[in-house]
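A.B. asks: Spelled out, the chains give:
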Amino acid sequence: MLQRDSSFAKEALRYGLIVLVLGFIVFPIFWMIVTSFKPAADIMVSPPRFLFTPTLENYYHAIYDKNFLFYIKNTLFISVASTILVVVAGSLAAYSFARYNVGDGHILFFILSTKMFPAIAVILPYFLIFRDIGKTDAGRFLGIGLDQPGALIISYTMFNLPFAIWLLVSFFQDIPRELEHSARLDGLSRLKVLRKVVFPLAAPGIAVTGVFTLIFCWNEFLFAYILTRKAASTVTVGVESFFTLQGILWGPVAAAATISVLPMMVFVLAMQRYMVRGLTFGAVRG
Amino acid sequence: MYELKSVHKRYGLSKVALRKIDLTVRDREFLVIYGPAGAGKSTILNILAGIARPTSGDVLRDGESIMHVPPEKRDAAMAFENYALYSHISVGENLAFPLHARGMNRADIDQRVKRISGILGIGHLLDRRPGFLSGGQRQRVALGRAIIRPADIYLLDEPVGHLDAKLRHKIRAELKALAEDLSATVVFTTTSSREALALGDRVAVLNSGRIEQIGTPADLYHRPANAFVASFVGDPPMSFISVEPRRGGDRVAFVTPDGMPVAALATDAVAGLRDEPGSTIQVGFRSNEVRLAEAGDPGTLRGRVDVIENLGYVKIALVGIGSDQVSVSFPTGKRLSVGETVAIAFPRDAVHLFQNARAIAHAAPSA
Chain A
17 MLQRDSSFAK
27 EALRYGLIVL
37 VLGFIVFPIF
47 WMIVTSFKPA
57 ADIMVSPPRF
67 LFTPTLENYY
77 HAIYDKNFLF
87 YIKNTLFISV
97 ASTILVVVAG
107 SLAAYSFARY
117 NVGDGHILFF
127 ILSTKMFPAI
137 AVILPYFLIF
147 RDIGKTDAGR
157 FLGIGLDQPG
167 ALIISYTMFN
177 LPFAIWLLVS
187 FFQDIPRELE
197 HSARLDGLSR
207 LKVLRKVVFP
217 LAAPGIAVTG
227 VFTLIFCWNE
237 FLFAYILTRK
247 AASTVTVGVE
257 SFFTLQGILW
267 GPVAAAATIS
277 VLPMMVFVLA
287 MQRYMVRGLT
297 FGAVRG
Chain B
7 MYELKSVHKR
17 YGLSKVALRK
27 IDLTVRDREF
37 LVIYGPAGAG
47 KSTILNILAG
57 IARPTSGDVL
67 RDGESIMHVP
77 PEKRDAAMAF
87 ENYALYSHIS
97 VGENLAFPLH
107 ARGMNRADID
117 QRVKRISGIL
127 GIGHLLDRRP
137 GFLSGGQRQR
147 VALGRAIIRP
157 ADIYLLDEPV
167 GHLDAKLRHK
177 IRAELKALAE
187 DLSATVVFTT
197 TSSREALALG
207 DRVAVLNSGR
217 IEQIGTPADL
227 YHRPANAFVA
237 SFVGDPPMSF
247 ISVEPRRGGD
257 RVAFVTPDGM
267 PVAALATDAV
277 AGLRDEPGST
287 IQVGFRSNEV
297 RLAEAGDPGT
307 LRGRVDVIEN
317 LGYVKIALVG
327 IGSDQVSVSF
337 PTGKRLSVGE
347 TVAIAFPRDA
357 VHLFQNARAI
367 AHAAPSA
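Chains as they are written, first to last, in the working numbering: chain A, 17 to 302; chain B, 7 to 373.
Bear in mind the hints are in silico, worked out from the structure with no lab data behind them. Incorrect hints may have been included.
No farther apart than 35 Å at their CA atoms in a straight line, the calculated lysine-lysine pairs in the DSBU-like style are these [as the list claims (entries may be wrong)]: (1) B/Lys182 / A/Lys208; (2) A/Lys208 / B/Lys79; (3) B/Lys21 / A/Lys212; (4) A/Lys212 / B/Lys79.
Pair ranges (Cβ atoms, derived) [as the list claims (entries may be wrong)]: (5) A/Met174 / B/Leu184: 49 to 59 Å; (6) A/Phe228 / B/Pro76: 35 to 45 Å; (7) A/Leu128 / B/Pro42: 40 to 50 Å; (8) B/Lys172 / A/Ser186: 49 to 59 Å; (9) B/Arg134 / A/Trp266: 49 to 59 Å; (10) B/Arg134 / A/Tyr290: 45 to 55 Å.
If you only want the chain A side, here are some residues facing chain B, beta carbon under 8 Å, derived [stated by the list, open to error]: (11) Met48; (12) Pro192; (13) Glu194; (14) Leu195; (15) His197; (16) Ser198; (17) Arg200; (18) Asp202; (19) Gly203; (20) Leu204; (21) Ser205; (22) Leu210; (23) Val213; (24) Pro216.
In this text, a Cβ means the ideal position worked out from N, Cα and C, and glycines have one as well.
Chain A extracted, bound-state conformation (with noise of 0.2 Å):
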């Protein structure tokens, strides 16, 4: 009897905190979603109101007056785009620390230690580079400039490929040598081995390292501040454009924050089940 009334009190403190870290977490998306939906009026009152008049003003407001839609779709080229870069170069990159152990460690090493700094030290030169790069015709041929998405996608591939080919680099020695030398037997040339045998099986990884890789680069805002001024700003400059002299547009805030939150939730959740480790369980004796 004791036991049982352990046990159950155990579950209940089990069920408890999950519920309690679920509100933290759930909690605040729940309520940005409801205050996207609120009247003005309903939005500063205390005690807070939990039932009201929805409404889609907020979203015609955020859509219309504001153009956010443009701001979404700068920031889905920018980051996808990033992305691309970051994953293929820091694939074929890790793929070769992994295998040949280039540079001993030591340039890994010194890979990483490039993420050891803030951004904020690098955010002036970077500012000059592309200001003096977007004069150029190449750059502007390029849309390497200030206010130019280029100059973003290179930045964001600058911050991010270091992390990217660290991550890979430990699923990539967690592919045992054998298969591709079985693969090679087989019958396939070294760039066939990499394609049909490697990079299946790290596509856990690869899926991890976009992810992070898109996650960071849409909710990038120091770099988008100072290098944007509104052609190729992103969705948080965007939001920032919200704060306005006659005061915060919570409403449209709430919208636009709405918005740009969907893409980033369809794409983890499609590519949850890449995410799963061990796909190279079983291939050689554990």
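Please build the complex by placing chain B on the supplied structure of chain A, with the hints as guidance.
C.D. replies: Same frame as chain A, but now just chain B:
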């Protein structure tokens, strides 16, 4: 025909895997490379496959160097000791992989997968991923993937090492039959003496990167080139007794340091024996070449039974004689217990003689 010519392989600066070995793999032969762990067996296969490059030396195929030929162009099929299965695809797809890679058509692939999985008893596992198989099942998939396609040479790295005894016996027999059926050239590595003797047309005994001896199983068993081969081939291994030679007339007698006679051989049979002070001379016996002495046997050695092993069809006693240990087989019906003192009768003339671990004479029993 494949040839390794003076092949030396070093990993890093200090680890030497192969020391200038020469090895010929004849067409359609079943060559077993037998040696202890770390002897360099896998390195030989890797060099034949083109996965590893010799540090120096040459690899020839039908007289032409193939050092520059990449693995995918060598037409070698290999089963890896640690399986190396593609864990992201099913067992069936694993088996079909080398066939797909070579552009075989669907119907032929299916038929081959069916046949090989049938032989190896993994037909019911084709839809599973390797991660869900037992070690023995994975090893059979690895073996299947190697033998499923026609290849110029099959390199099998301990392909039955992790199977249970019954399955090992069965697969071993299937493998030998299959190799003969296909007239295939096979290089097979193993750490089991039994496997080496049972399978090999020829066996190369490898130790610390050197080939100690290469020959037919009968050669290795009856005429080992040195004490290492003698003590490594055969189960139980050959036992040795340290002796001193006493020359007299047309015969040389070999006696223990205590003066007990062990063997006597004709002088011309031991022509290779040199009178070097301080050299170690040993007489070697197989466990079935000696027996427990009965009353009246002349010149026996006495010793204490240290261990008794029951193999079912025969028992083996390890008998300590001085600082040496001799294994003697005896019928299972005979009662003997550990600690008992027994006398051992030697065949006198049917012995193997070693000087400084090198074989001097293999005397056949006189008729």
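A.B. asks: Could you see if the CB distance from A/Met174 to B/Leu184 stays within 49 to 59 Å?
C.D. replies: Holds, since A/Met174 and B/Leu184 (Cβ atoms, about 57 Å apart) stay within the stated range.
A.B. asks: Hey, does the A/Val213 contact hint survive, CB to chain B under 8 Å?
C.D. replies: 6 Å, holds
A.B. asks: Lying within 45 to 55 Å: is that true of the beta-carbon distance B/Arg134 to A/Tyr290?
C.D. replies: 21 Å Cβ-Cβ, so the 45 to 55 Å window is violated.
A.B. asks: Identify whether the interface hint at A/Pro192 stands, where standing means a beta carbon of chain B within less than 8 Å of its own.
C.D. replies: At about 6 Å, which falls below the 8 Å cut-off, the nearest Cβ of chain B leaves the hint on A/Pro192 intact, so it holds.
A.B. asks: Given A/Met48 was flagged as interface, is its beta-carbon under 8 Å from a beta-carbon of chain B?
C.D. replies: At 39 Å from the nearest chain B Cβ, A/Met48 fails the 8 Å test, so the hint is violated.
A.B. asks: Does A/Leu204 meet its interface restraint, that is, does its C-beta lie within less than 8 Å of any C-beta in chain B?
C.D. replies: 5 Å, holds
A.B. asks: How about A/Pro216: closest beta carbon in chain B under 8 Å, or not?
C.D. replies: 5 Å, holds
A.B. asks: For the pair we were handed, A/Lys208 and B/Lys79, check the Cα-Cα distance against 35 Å.
C.D. replies: 14 Å, holds
A.B. asks: Do the numbers back the hint for A/Arg200, that is, is its least Cβ distance to chain B under 8 Å?
C.D. replies: 4 Å, holds
A.B. asks: CB of B/Arg134 to CB of A/Trp266, is that within 49 to 59 Å?
C.D. replies: Holds: the Cβ-Cβ distance is about 56 Å, inside 49 to 59 Å.
A.B. asks: Holds or violated: the hint that A/Ser198 contacts chain B, with Cβ atoms closer than 8 Å.
C.D. replies: 4 Å, holds
A.B. asks: For the hint on A/His197, just tell me whether its beta-carbon gets within less than 8 Å of chain B.
C.D. replies: 5 Å, holds
Taken one by one, the earlier hints fail for this structure at numbers 8, 10, 11, 22, listed in ascending order.
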